[in-house]
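Sequences listed follow chains A and B, in order. Our numbering puts the first sequence at residues 24 to 278. Our numbering puts the second sequence at residues 31 to 453.
Hints may be right or wrong, so weigh each one.
[What the hints assert, rightly or not] Straight-line Cα separation of at most 20 Å, SDA-like style, residue types lysine to any residue; simulated pairs:
hint, chain 1, residue 1, chain 2, residue 2
1, A, K98, A, P73
2, A, K239, B, D361
3, A, K239, B, R360
[What the hints assert, rightly or not] A few chain B positions that, by computed beta-carbon distances, are all more than 12 Å from chain A:
hint, residue
4, R48
5, I54
6, T201
7, D213
8, H238
9, E284
[Stated by the list, open to error] Computed beta-carbon distance windows for the label pairs:
hint, chain 1, residue 1, chain 2, residue 2, range
10, A, D51, B, D334, 48 to 54 Å
11, A, P73, B, T336, 52 to 58 Å
12, B, A226, A, E125, 21 to 27 Å
It should be emphasised that the hints constitute simulated quantities derived from the structure, not laboratory data. Where is the CB? At the ideal position from N, CA and C, for every residue including glycine.
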Amino acid sequence: MNSDAIYEAWAPAGSVWSAWTKPVAFADLRAVSERDVSPEAAQPPAWTPPPSAGIAVILDVPGAHGVSLGFALAKAGYQCVPLYNGVAGPVTSAAAAVLDVEPVRQALASFAPEMSRLANPPAAPPVFLLDSRRLTGTGSANPGKFDNRWVVFPQDFPSANFLFAHGIRGVLVVLPPEGALADDLTHVLRRWQESGLSIRTVPTDGTRAADVQVPKPGRFRSLLYRALVLAGFRRNSAGGFGSLVPEPPQSGGYG
Amino acid sequence: MNVPWFAPVPVAREAFPRLRRRAIFETCKWDPQVGDVGTLSRWPVLLRPEEWERLTTWAERLAAEAVAAEREIVRRGLLDGIGLPWRIRRAIRRLSGREWSSRLRIMRFDFHFTTDGWRISEVNSDVPGGFNEASGFSRLVCEEIPGTRIAGDPAAALCQALEHVAGGKTTVGLVHATAFSDDRQVMTFLARELEARGHCPVLLAPNHLHWGLEGARGRCEWFDGSLDCVLRFFPAEWLPGLGLFSNWHCYFAESRTTLCNPATALVSQSKRFPLLWGVLDTPLPTWRKLLPHTLDPAHMDWRDNTRWVLKPALGRVGDGVGISGCISERDWKSIRADVTRHPEHWIAQELFQSVPMETPDGPFHVCVGVFTVNGRAAGAYGRVAGQPLIDHRAADTAVLLGDGGIRTYSPTLGEHHELGCHL
Chain A
24 MNSDAIYEAW APAGSVWSAW TKPVAFADLR AVSERDVSPE AAQPPAWTPP
74 PSAGIAVILD VPGAHGVSLG FALAKAGYQC VPLYNGVAGP VTSAAAAVLD
124 VEPVRQALAS FAPEMSRLAN PPAAPPVFLL DSRRLTGTGS ANPGKFDNRW
174 VVFPQDFPSA NFLFAHGIRG VLVVLPPEGA LADDLTHVLR RWQESGLSIR
224 TVPTDGTRAA DVQVPKPGRF RSLLYRALVL AGFRRNSAGG FGSLVPEPPQ
274 SGGYG
Chain B
31 MNVPWFAPVP VAREAFPRLR RRAIFETCKW DPQVGDVGTL SRWPVLLRPE
81 EWERLTTWAE RLAAEAVAAE REIVRRGLLD GIGLPWRIRR AIRRLSGREW
131 SSRLRIMRFD FHFTTDGWRI SEVNSDVPGG FNEASGFSRL VCEEIPGTRI
181 AGDPAAALCQ ALEHVAGGKT TVGLVHATAF SDDRQVMTFL ARELEARGHC
231 PVLLAPNHLH WGLEGARGRC EWFDGSLDCV LRFFPAEWLP GLGLFSNWHC
281 YFAESRTTLC NPATALVSQS KRFPLLWGVL DTPLPTWRKL LPHTLDPAHM
331 DWRDNTRWVL KPALGRVGDG VGISGCISER DWKSIRADVT RHPEHWIAQE
381 LFQSVPMETP DGPFHVCVGV FTVNGRAAGA YGRVAGQPLI DHRAADTAVL
431 LGDGGIRTYS PTLGEHHELG CHL
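Let's have the full structure, built from the sequences with the hints guiding it.
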């Protein structure tokens, strides 16, 4: 399968949600050998809402795990919407990238043949796929590195109105164990919650599922939020989103 | 009223999904959706050729006038009051009194058809975007609507100009915010164009450049070498954020490395540029004709929102623009508050009445962005919106010219047939 076909497998023309699939992860994607789908990958977790429940799922988990988990939910009747927006590193030096996106890209290619054989209805509820390492990266952000960390913005998702119009009444955010809602994602969730969508979180191990009141993030609904994010550069991350990413290990926290 | 475009002819609805995918993979259009809105329109702007001639003539004059005005402003150090950060002003003042050249300049002038004829809303003279759309998407749309041709190819024009300046094949640093896929897509598209012509493009972040007597050198984990040219797609006002030891001021002066664009372009990029016209020797007749009246909000009453548009001095993509009725009441209130507190960061510009392009899908307000490369018109792409404010929610569209009868495929007839007006 070439890039186009792999993309088509994850963003089928008939699906209501395909338009939001981010193309970046599929650019210049080469087919990998079709791998055996492991039994674990094929089974949806116990916390998976039935597709008829009107719940959109956000998988904010590390790397390729989100792809395999998304595939499992797709087999349960969901439509995957990959939102991976981290560009691939230099062809000659993939290790130079701060965020290693290759496992995600490989997973998308690996599962594509199986995905293309699923026949979910066009209105199947969405499961949005994010990489929880998008803000921190997988390697050091030293000078000389290719900084490909990324953030999500509210406009990367459908609006609350669109979700309601397509039968979605609530959102389940799946996080790593001990994980917390990422700052960039709270901008999205807060807007949805203010519009009447219920928000619930659950760790991947299924413990401590809870309804949440999404805190109001800084610069919420600021007219220039997007511009401010992009302009918040720091010396050590001139290519990325310095105001939202941690400083190098010696200082920690968000700048 | 005579409109400057032919009756609209769309890409067939059945053909559009495939076209969208081609745009993604062939032209690196990686942002085809923003919120609930698709960013690619199936309605191209089909300009009458005499209107295109008019726009290109104006764009070339505007470019020449802008460059001449920039030189005078820099030479005389007239940098106060145009909304540039003090570090930027200091960097530019270092050039005062010196001769400096700008070997490779690209600009994009945004034209709107109004009840008073064509007007421009702004120039993008620092980091103009739209190459993927003008050179790539437009070509794809043109294939779907026989009888049309593209208005030009700014990516190819840029490559040709680079070859002319450099005298041959070059190593080009494409400098951009690497984490931002919207910028990366532009750089990747241009890199492919450059590579196809035998150049060596290198995708870099701005902090990967090191400056010396020999010019700029790229130094990072995947490249270490001198650069013949730096194509910058990183807004100049962000450069001070690179830090004290990055020599970011080198982006402002021409060096042995050709800069495109030198960061002094920020002078004309600022929406407050017109506020200096009264003290310049440089005549700017085309600017005065085409840009709506622009004033300093500190010295006038801008509160009549039926007459004035409020724009941030260094705003881009229509972000932060205040047009009553086109933004939420909350955003309008926020803008008015900031203009009151910091008028030096804003301008008030006379509102024009955009004449929309009528289509069966509804009226679309149109912006035609005309590129110039070293002062020569080089192509265009369009943006369309259901409201007069063209911002990040607008859709990109092709700007095409007719070439004989305009024909489109009719699924009902099962063949191409002629629609719209003949030339």
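Broken hints, by number: Of the numbered hints, 4, 5, 7 and 8 do not hold.
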